[in-house]
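A.B. asks: Here the protein sequences line up with chains A and B, keeping their order. Counting in my numbering, the first sequence runs from 142 upward without gaps. Counting in my numbering, the second sequence runs from -6 upward without gaps.
Worth flagging that the hints you see were computed from the coordinates, not collected in a lab. Accuracy of the hints is not assured; some may be wrong.
To be verified - Selected chain A positions facing chain B (in silico; Cβ < 7 Å): (1) Y198; (2) V396; (3) F404.
As the list claims (entries may be wrong) - With a cut-off of at most 30 Å between alpha-carbon atoms, the simulated DSBU-like pairs for lysine-lysine come out as follows: (4) B:K34 / A:K179; (5) A:K176 / B:K454; (6) B:K526 / A:K176; (7) B:K296 / A:K458; (8) B:K32 / A:K374; (9) A:K338 / B:K472; (10) A:K378 / A:K169; (11) A:K378 / B:K32; (12) B:K34 / A:K155; (13) B:K183 / B:K160; (14) A:K179 / B:K260; (15) B:K34 / A:K374; (16) B:K144 / A:K179; (17) A:K179 / B:K37; (18) B:K526 / A:K374; (19) B:K467 / B:K526; (20) A:K169 / A:K310; (21) A:K176 / B:K32; (22) B:K321 / A:K338; (23) B:K421 / A:K338; (24) B:K238 / A:K378; (25) B:K472 / A:K374; (26) A:K179 / B:K472; (27) B:K347 / A:K374; (28) A:K374 / B:K421; (29) B:K296 / A:K257; (30) A:K338 / A:K310; (31) B:K296 / A:K454; (32) A:K155 / A:K169; (33) A:K257 / B:K32; (34) A:K338 / B:K34; (35) A:K243 / A:K378; (36) B:K238 / A:K179.
Please read these numbers as outputs of a predicted model, since none were measured by experiment. All C-beta atoms in this analysis are idealised placements derived from N, C-alpha and C, irrespective of residue type, glycine included.
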Amino acid sequence: MGFSQTYRRRLARKRWRIRAFRKRRELKPVANRTKHIKRDDIIIFSTLRNERVRLSYFLKYYRELGVDHFVFVDNDSDDGSREFLAEQPDVSIWTTTHSYKKSRFGVDWLNWLQSKYGHNHWTLTVDVDEFFVFPFSDTRSLRALTDWLDASEIRSFSAMLLDMYPKGKLNDQPYRSGQNPFEIASWFDSGNYVIRKNDFFGNLWIQGGPRARMFFLDSPDSAPAMNKIPLVKWNRKYVYTSSTHALLPRSLNVVYDEWGGEFASGCLLHAKFLDTFGAKAAEELKRGQHYANSKEYKAYHDALKDEPEMWCKWSEKYINWRQLEILGLISKGNWA
Amino acid sequence: MTVGVVMLVHNAFERAEQVARHWAAGGADIVIHVDQRVKAKAFKAFERALSDVPNLRFSKRHSCEWGTWSLVEASQTASELLLKTFPKVRHVYLASGSCLPLRPVQELIDYLAARPNVDFIESATTEDVPWAVGGLDRERFTLRFPFSWRKHRILFDGYVNLQRRLKVKRKVPKGLVPHLGSQWWCLTRKTLSTILEDPDRKEFETYFKRVWIPDEAYYQTLVRYYSSTIESRSLTLSKFDFQGKPHTFYDDHLQLLRRSDCFVARKIWPHANRLYDAFLTDAAGAMKRAEPNPGKIDRVFTKALDRRINGRAGLFMQSRYPRDGWEKGMSSAPYSVFQGYAELFEDFAPWLSKVTGAKVHGHLFSPDRVEYVDGQTSYHGGLTDSTALRDANAQSFLTNLIWNARGERQCFQFGPNDNQDINWFIAKDPNASISVITGAWAVPLFHSNLNFSVIRKMAAKLQQVESNYIDILKSPYAKGKIRITSIAEFVEAPMNPLQLIVDEIGPHKLTRITEAPKLVDLTGFGQFLQNLKNQGMHPHLMGDFPMSDTVQKNTRIVRKPYLVKK
C-alpha cells in the first residue's frame, strides 16, 4: 500500500506540474522585474482581484518584514490594483482574464511562476489579506527565520490562518488605504480549532475559528480549512495541491512533530473581516469562482444579511506573537 | 606577552573583518584561516580588505567540512603560523568568523596574563558527557568514520552498523585517554607547541583522522596528555541544540549576552546589527557591564530544547500533533467526569462548585446542547454550545476545553444518553478522574411520565451503553482514576464517595463536608426496578437495590448519623 500511495502522489504531482505548465499561456506580463531577484532573495507569490485598498499596507508590512520581491497574478482587476502594483520597483506582475476557478483558485498560475522564479528561494505564498507572524517577528526579520530554517534543514514552515474580526458590526469602522487592518479587526478566537490528519497528503486539516462557529453550525465539515504552509524553500519540483493547505512531495506537509514535541510555527493573521467584506462576498457569490461552488460565500451572504457580530465575550484581543505562543496557536519550537 | 587569535572563517566576511579588526585594535595577533571552498574572488576581496592590519596573517587554506579532520588541520596550520610569526604570543584563542567578543580584548589579555600556565579547554571523558549526536559516544573512538554524516548519511550509518556487527575495535594510541569537549579552546604556547611538535604527531593524526568529529576530540585528548594545568571549560559561550548545531544569537539576546561572563560568544547571526554595534566598541565606549548571570542563558536554551522535545502536554496544534500514545499527557490538566451524580442529587453541580470552587458543567456531551456551567452558551476560547461542532471532533472539543481553561479545574457530567465518542479517550487519560454510579440513569426514567413500554425499551438501551462504557473503564488500557459504585451501594453510604471527590478536587486538603447535596426522592425505586424485571428486562447495573423504601427519604443527608452510629 505504501508503494502504490507513493506512486499515486508522484503521479498527482506530475499532473499538477503539467497543468501549471499549460496554464502559463493564460498569464500576460504587465511588469516583469524578476531579473532583479538576487540569489538569496525572499519572494512573495500572490493572486488578487480588486484589492487596491489593501495593497499599500500589504506591501509596507512585508517590505518591513524583509521580503525582497513580490510576484503577483492579477485576475482581471478593474479598480487600479494592476496599475498600482506595476509601478512598484520590487513587484513583478502578470495579468489574466481567465477563470480563477479553472486555474484551481490561482494555484496553477502560482505553481508555474514559482517553478520559474522561486527555485532555490524562500517563497511566501499569501493572499493580500494574510499577514505572516512568527516567533520573534517583532525583533527578528524574516531572514533570521529562513536562515535558521536553512541551518536546521527545514524546508517548509507552517502558519495557520487566524481569522481576525472587529468588535461590533463589520460596517461600523471603515477601512482606509494604508491603515493597519488590525487596528479595526483586532480580535480572534483562541481555542476552538479542531484537527484531523490527512493520511494521503500527510498534512493536518484544521478547522474552526469564528467562521466555523458563525457560518457552519449546520455543516461543520464544510467549514474552511485553516491549516497553511505558506513559507517554503522552493524547488521547481514542488507543487501546491490546494491553495497553500498542502504540497507535494508529501514530506513538505509534515510541519508538525508526531512524538510529543513541538516544531516552530507561525500564524497568518487574516484581515478578511472588514467593512469591505460584504461587498466582496456579494461579488464573489455572483462570479461563482470559489471553492465548492462558492458554498462558503453563500453561507456568508446568508448570515451577513442579519449583520451579525462576530465578536463574543471569549474573543481575545491581539497583542503580539508571544500571546499566540502562550495560547498554543503557534510555537517557538527550539528556536530561542 | 599577548594573545593570539586563530580565526576560522567560511562566510559572512564583512562581519569577520569587523571582528578581526576589533581583536587587532585590542592588541591581539591574528591568523585567519579561510575555507578553501570559498570562491577565489570573495577570498581576494576579504584579504585585500584586511591588508592594512599589521599584526594579521592569512594561513594556507584547507577545504573544511563539518565533523571532519579538515577542521583540525585548518586550526593546526593556522596555529603553527601564529606561533612562528608572533613570538610574543603566550595564549592562542581558537575562534570562528561568527564569534563575537563580549568583553574588551584587554580584559581577556589581563585575565590570561594572570593565568600564564593555564589551558582553557573543555575536556571530559566519554562516560561523562551527555551530548552525542547519533548515539555515538565511546564508539567515536573505536570505529572508523570515512563517510560524511551530512552528505552520505546512509553510507555512514551502514558502515557503523557493519563495524558493529564485525565487532571492529580500533586501538587507541598508547597513553591516550579519549576526551571530548567544545572545539573552541584557548591554549598556552607551551601546550600547543608540544602538541604540534610532538614526534608522535603523525601516529596520533592517523588515528584521529578516522575518529568521529575529531575537532571535538583531538586537542581535548592530547591536552590531557601534555598539559600541566587544565581548566576544563571553554571561554567561548556556545550552546548546542538537539541536532548538535550551535544556537544562534540575535539582537534580542543583547541583555542575555551582557549577563554572560564568557569572553566570546558564538554563533552570532551576521545581520544582528545591534549586537555587533554594542560589543565591538573600545573599552571606553563599552556599555556598563551587568551583573553576570550565565545561568539565565542556560535556562533559555534548556527551555527551548524541552519545548522541541516534550512540547506542552495536552496541546494539539498545527505543529504538535502526537501519534497515539506519544502525547506525553493526553490533556493539559486534571479534570473530573461524573456519571449518575446529577441524576441522583437534585443540586449536585452547584453543590460541588460551592464546596470545591471548581467549574462544574452539566452534560457537555448531551445530544441537545453543550451544557456549560451556569447555563452559558459559549465558553473559553470561543467554544460554542453547538452539538454539531462538538461532535465533528469530540476529542478536539474536550482537549480544547481543558487547554483553554488552564488553571481552573473542570468537571462535567456524563451518561449513557450522551455522545459516547469520547469514552475511550477519557478512560485512557491519566488526567481524568471518573466517578460512576452505575444504574443511576434509571432514576430519571423512574420519575418520568412515559409509558412503561417506552421506559422498558429505553432502559434496555441505556443499560447497554453504560455497560459498554464500564467495560472500557475496566479494560487494561484505562489509565484514569476510576471509581465505580452501583446505585444500591452508593445510597447506602453516600458521604464517603462524596468526601473522596471533594478531597481530590478541593483546593485545601481535609475539608470535611458539612453540607451534602440533596438526594432525589427514591421512594418506590426498588419497586420500579422490580417492574422492569417483571417485564423481562434485567437491570444488572444497579446492584442489590432494596425493595423496601427504608433507605431513602427525600431529605438532605446530614453527616452525623453515619458518624455517631455505634
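A.B. asks: Decide, hint by hint, whether the structure agrees.
C.D. replies: Each hint tested on the structure:
1. Violation of the interface hint for A:Y198 is found here, the shortest Cβ-Cβ separation to chain B being roughly 25 Å, above the 7 Å cut-off.
2. Because the smallest distance between the Cβ of A:V396 and any Cβ of chain B comes to about 6 Å, under 7 Å, the interface hint for this residue holds.
3. The interface hint given for A:F404 is met, as the beta carbon of that residue sits about 4 Å from the closest beta carbon of chain B, less than 7 Å.
4. The hinted pair formed by B:K34 and A:K179 meets the criterion: a straight-line CA distance of about 18 Å does not exceed 30 Å.
5. With a C-alpha separation of about 72 Å, the suggested pair A:K176 and B:K454 falls outside the 30 Å cut-off, and the hint is violated.
6. Simply put, B:K526 and A:K176 have alpha-carbon atoms about 86 Å apart, too far for the 30 Å limit, and the pair is violated.
7. A C-alpha spacing of about 27 Å is found between B:K296 and A:K458, which places the hinted pair at or below 30 Å, so the restraint holds.
8. This hinted pair checks out: B:K32 and A:K374 have alpha carbons roughly 24 Å apart, not beyond 30 Å.
9. Between A:K338 and B:K472 the alpha-carbon distance is near 25 Å, which keeps this suggested pair within the 30 Å criterion.
10. A threshold of 30 Å between alpha carbons decides the hint, and for A:K378 with A:K169 the separation of about 23 Å falls inside it, so the pair holds.
11. Distance check on the hinted pair: A:K378 and B:K32 sit about 29 Å apart at the alpha-carbon level, within 30 Å; holds.
12. This hinted pair does not check out: B:K34 and A:K155 have alpha carbons roughly 40 Å apart, beyond 30 Å.
13. Between B:K183 and B:K160 the CA atoms are separated by roughly 39 Å; this puts the pair beyond 30 Å, and the hint is violated.
14. For the suggested pair A:K179 and B:K260, the alpha carbons sit about 25 Å apart, so the restraint of at most 30 Å is met.
15. Between B:K34 and A:K374 the CA atoms are separated by roughly 27 Å; this keeps the pair inside 30 Å, and the hint holds.
16. For the hint linking B:K144 to A:K179, the alpha-carbon distance of about 27 Å falls within 30 Å, and the restraint holds.
17. Between A:K179 and B:K37, the direct Cα distance comes to roughly 22 Å. Compliance with the 30 Å bound is thereby established for this hinted pair.
18. Of the supplied pair hints, the one linking B:K526 and A:K374 is violated, its CA atoms being roughly 70 Å apart against a limit of 30 Å.
19. For the hint pairing B:K467 with B:K526, the CA-to-CA distance comes to about 26 Å; that is within 30 Å, so the pair holds.
20. Distance hint between A:K169 and A:K310 is unfulfilled; the C-alpha atoms sit about 40 Å from each other, more than 30 Å.
21. Between A:K176 and B:K32, the direct Cα distance comes to roughly 23 Å. Compliance with the 30 Å bound is thereby established for this hinted pair.
22. For the hint linking B:K321 to A:K338, the alpha-carbon distance of about 19 Å falls within 30 Å, and the restraint holds.
23. Straight-line distance between C-alpha atoms of B:K421 and A:K338 comes to about 21 Å, which keeps the hinted pair within the 30 Å bound.
24. Annotation: proposed proximity of B:K238 to A:K378 holds, straight-line Cα distance about 28 Å (limit 30 Å).
25. Between B:K472 and A:K374 the alpha-carbon distance is near 43 Å, which puts this suggested pair outside the 30 Å criterion.
26. Proposed proximity of A:K179 and B:K472 is contradicted: the alpha carbons are some 57 Å apart, above 30 Å.
27. Our distance criterion of 30 Å between C-alpha atoms is broken by B:K347 and A:K374, whose separation comes to about 56 Å.
28. Annotation: proposed proximity of A:K374 to B:K421 is violated, straight-line Cα distance about 40 Å (limit 30 Å).
29. Distance hint between B:K296 and A:K257 is unfulfilled; the C-alpha atoms sit about 41 Å from each other, more than 30 Å.
30. Taken as a hint, the A:K338 and A:K310 pair is broken in the structure, with Cα atoms around 35 Å apart against an allowance of 30 Å.
31. A distance of roughly 33 Å separates the Cα atoms of B:K296 and A:K454; the hinted pair therefore is violated under the 30 Å criterion.
32. A hinted pair counts as satisfied when its Cα atoms are at most 30 Å apart, and A:K155 with A:K169 qualifies at roughly 24 Å.
33. Proposed proximity of A:K257 and B:K32 is supported: the alpha carbons are some 27 Å apart, at most 30 Å.
34. Proposed proximity of A:K338 and B:K34 is contradicted: the alpha carbons are some 50 Å apart, above 30 Å.
35. Proximity of A:K243 to A:K378 is assessed by CA-CA distance (about 22 Å); at most 30 Å being required, the pair is judged to hold.
36. Using a Cα cut-off of 30 Å, the hinted pair B:K238 and A:K179 holds, with the two alpha carbons roughly 27 Å apart.
Going down the numbered hints, you'll see the structure goes against 1, 5, 6, 12, 13, 18, 20, 25, 26, 27, 28, 29, 30, 31, 34, while the others check out.
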